[in-house]
Amino acid sequence: IVGNSISSLVGKGFLAKATTYGFDVDLKTLKIGINGDYTVSSSDKLYSDFHMQEKLLHAYEEQSLGKKTLIFNNGISTSINVYHTFKAAGYPVQHLDNTASRKEREQILKWFKHTPNAILSSVSILTTGFDEPTVDTIILNRATRSLTLYYQMIGRGSRILKNKTTFNIIDLGNNFHR
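As numbered in the numbering used here, residues 200 to 377 make up the sequence shown, in order.
Hints listed in this document are in silico derivations from the structure and should not be mistaken for laboratory results. Watch out, some of these pointers could steer you wrong.
Derived DSSO-like pairs (lysine-lysine); straight-line CA-CA distance at most 30 Å [said to hold, decoys possible]: (1) K254 with K216; (2) K227 with K244; (3) K312 with K361; (4) K286 with K244; (5) K216 with K361.
Remember, predicted model here, so these are calculated numbers, not experimental data.
Given only the sequences and the hints, what does the whole structure look like? Please build it.
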């Protein structure tokens, strides 16, 4: 069975249209693991770097300032660094990964839902089964070789609302849109 294409679903008003902003990142230090995707350790090393954190903050301020933003990272260390970078800049931010208890996860997701300009830095946990239509921007603060994972991540921003027909993707991973 072949379903509708993403462009068809956007055209029919079922999904919001994405505007993608790409930021060049030198990925030559990333290593490929046995699963065929980039390793967490090499991603953490690259994306936790001070200059990458500055690039991320600049990209947010340039393309998403004041918008509800979900940031996908490949490693917990990177996500915690993202949290500290945005917190130091004075932005409303939280970090979420699979080590959070059920209660902590519920509190963070409730905060994210009800905070207008919230920024949530996450690792793996929100790529599938998470639905928060008020997300205006998805930041891919990671590279992936998996087209399926890429679509899962950007899909978190594609939910439509009465007054939402578009969303932003900020790609710091040189992913599949090029």
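Hint-by-hint comparison with the structure:
{"no.": "1", "hint": "K254 with K216", "verdict": "holds (25 Å)"}
{"no.": "2", "hint": "K227 with K244", "verdict": "holds (12 Å)"}
{"no.": "3", "hint": "K312 with K361", "verdict": "holds (16 Å)"}
{"no.": "4", "hint": "K286 with K244", "verdict": "holds (21 Å)"}
{"no.": "5", "hint": "K216 with K361", "verdict": "holds (14 Å)"}
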